[in-house]
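S.K.: For this one, chain A is given, so just place chain B on it according to the hints.
2 protein chains.
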Amino acid sequence: MSLPAEFALIARHFAPLAHPGGLGLLDDAALLTPPAGRELVLAADAMVAGVHFLPNDPPETVGRKLLRVNLSDLAAMGAEPIGYLMTIALPREIGEDWLDPFARGLAEDQRGFGLALFGGDTVSTSGPLVLSLTILGSVEPGRALRRAGARPGDAVWVTGTIGDGWLGLRAARGELPDPEARIAARYRLPTPRLAEGRALIGIAHACMDVSDGLVQDLGHICRASGCGAVIEAARIPLSPWAAGADIRDLIAGGDDYELLFAAPPEAPVAELGATRIGRFIAGPPEVTVLDAKGAVLPLSRHGWSHR
Amino acid sequence: MSLPAEFALIARHFAPLAHPGGLGLLDDAALLTPPAGRELVLAADAMVAGVHFLPNDPPETVGRKLLRVNLSDLAAMGAEPIGYLMTIALPREIGEDWLDPFARGLAEDQRGFGLALFGGDTVSTSGPLVLSLTILGSVEPGRALRRAGARPGDAVWVTGTIGDGWLGLRAARGELPDPEARIAARYRLPTPRLAEGRALIGIAHACMDVSDGLVQDLGHICRASGCGAVIEAARIPLSPWAAGADIRDLIAGGDDYELLFAAPPEAPVAELGATRIGRFIAGPPEVTVLDAKGAVLPLSRHGWSHR
Chain A
0 MSLPAEFALI
10 ARHFAPLAHP
20 GGLGLLDDAA
30 LLTPPAGREL
40 VLAADAMVAG
50 VHFLPNDPPE
60 TVGRKLLRVN
70 LSDLAAMGAE
80 PIGYLMTIAL
90 PREIGEDWLD
100 PFARGLAEDQ
110 RGFGLALFGG
120 DTVSTSGPLV
130 LSLTILGSVE
140 PGRALRRAGA
150 RPGDAVWVTG
160 TIGDGWLGLR
170 AARGELPDPE
180 ARIAARYRLP
190 TPRLAEGRAL
200 IGIAHACMDV
210 SDGLVQDLGH
220 ICRASGCGAV
230 IEAARIPLSP
240 WAAGADIRDL
250 IAGGDDYELL
260 FAAPPEAPVA
270 ELGATRIGRF
280 IAGPPEVTVL
290 DAKGAVLPLS
300 RHGWSHR
Chain B
0 MSLPAEFALI
10 ARHFAPLAHP
20 GGLGLLDDAA
30 LLTPPAGREL
40 VLAADAMVAG
50 VHFLPNDPPE
60 TVGRKLLRVN
70 LSDLAAMGAE
80 PIGYLMTIAL
90 PREIGEDWLD
100 PFARGLAEDQ
110 RGFGLALFGG
120 DTVSTSGPLV
130 LSLTILGSVE
140 PGRALRRAGA
150 RPGDAVWVTG
160 TIGDGWLGLR
170 AARGELPDPE
180 ARIAARYRLP
190 TPRLAEGRAL
200 IGIAHACMDV
210 SDGLVQDLGH
220 ICRASGCGAV
230 IEAARIPLSP
240 WAAGADIRDL
250 IAGGDDYELL
260 FAAPPEAPVA
270 ELGATRIGRF
280 IAGPPEVTVL
290 DAKGAVLPLS
300 RHGWSHR
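For the record, the sequence lines run as chains A and B.
Counting along the first sequence from 1, when you hit position 182 you're at 181 in numbering that gives the first Met the number 0, and nothing is skipped either side.
Counting along the second sequence from 1, when you hit position 289 you're at 288 in numbering that gives the first Met the number 0, and nothing is skipped either side.
So that you can see chain A by itself, here it is in the shape it has in the complex (with noise of 0.2 Å):
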């Protein structure tokens, strides 16, 4: 008896990517044996051609990008991964020479981020390609990093640099000149700061990852957390790539995954790479941006909207 396409291509790219639990995605469902004494951590994104990656990323980029997306969450929350479950909605012209690369960058990021799919499932559709991805990780229980939690007096910190993202979709674009695709890659291959993540708890008041906008996604901690924030534009992390960029494109701009967090001035997060870039201030759930001579700088738009 023959079997239909879909299975031939789950058992050729995706039954090699499965963890035990996912029982050679070949039965109805997964079994995990929950980590003893840890509390389940779940995250869910999806992505779509032309709106989260350009139709022609390479195949080995787009499956990453949305693992690391996820990883970003679990990041955030100071979590440690444990698998993933992903369905596919695909066009009818992505055939083998695409989904053979797809599954080969995700080999990749499941060794060098420990990681493992659970299931899933493959279906057609006349529209873009939709990728959906559901990651499920483990942090200490009640000791998971929130939003909520910034208290007046408190340092906004982050890590890595700010903007990258916005910079590597313009590079990728061909808007920018990047001989080498270094800083294109900082979109289509995130780093999700897992380690940092783990590193703040206890440290961290609040924390959430920096995806659709650093002015944005401070305004979510503001609100969780019922206080304001202050920073200034001058001490905003940069990469080399942001000469000549206005810094309010760069803290517009989504995609970075890098760490925001609330802790305070003197707390030793250097080492993680974090930069102080202000302070969380007592009032309404308001975000302030200050420019070089102090004065508020005036913010036509504060971050970006993947719906």
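The set of hints was computed from the structure by calculation and includes no laboratory data.
This structure is a prediction, so every number in the text was calculated from the model and none was measured.
Check each hint, because a few of them may be wrong.
[Claimed, not checked] Here are some of the chain A residues that sit facing chain B, going by a computed Cβ distance under 7 Å: (1) 44; (2) 47; (3) 72; (4) 117.
[Unchecked claim] Covered stretches of chain B, going by a simulated chain A footprint (3 or more residues, C-beta under 8 Å): (5) 116-126; (6) 154-165.
Using N, Cα and C, we set each Cβ at its ideal position, and we do this for glycine too.
M.R.: What follows is chain B alone, placed relative to chain A:
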């Protein structure tokens, strides 16, 4: 600071569906204390408008169907539901008037089946609506029903009636008279056999749900178990709407979501609404269907591929 439409949409339609561990859908991820002494069961399925449901299906039923399809995967393992995560790729033309009944339908099934939303993502697409759902359940460790385990001499059993998914699709398309939309309801709102699945733990040697057609799915049990199966067409339980239909269409049609399982011929499963339709035999993993005279019924197709 005004937030993009995505946040208002989540707050309005989906936050009311959230599990307490979903943290109001306001954090980077959800938290779940796994049920003590249980194994987790995980499955994911996706649906695309025009492939898995009709674009004009009532929005009340669309989310519930995907939830029920996933619940059916839990049922097939004998698991109990805990919660789910869902991502939605929305065409721009879908607005509040569609999302409102969509979310109301989900709320109704959450109450009926005892589970809630842990998280998700809402994105836009230029193509058809794509829904993806990951479900979490739990089962007594080591006792999940699996596809492997059928033995020669076991009977082939199935709950409910077969072919109603296919008949319901025809009715929903207006190809069958169905004035009260009762058979169309079998297509739009299948009933996951959760209680039956739990009751089969310790009784069934192998189990799965019929999603792609009886014959094709029985082939999966045969391959996983390393045996063959013979079923008798005349024993296959049918609903009144099947009158006049070709049995070959009914046993190749998908979307039944009944449980198909291997258990001894004398197993006490009649009270579960199960019917004995054949037997597992030693030999290659092939499924033979016999007609009323005991002759082999030739089949042109065995099931349905959603790819």
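S.K.: Could you run down the list of hints and mark each one as holding or not?
M.R.: We went through each hint and held it up to the structure:
1. 44: Holds, about 5 Å.
2. 47: Constraint on residue 47/A satisfied, holds at 5 Å.
3. 72: 4 Å, holds
4. 117: Since the shortest Cβ distance to chain B is 5 Å, the answer is holds.
5. 116-126: holds (count 10)
6. 154-165: Answer violated; 0 residues pass the 8 Å Cβ test.
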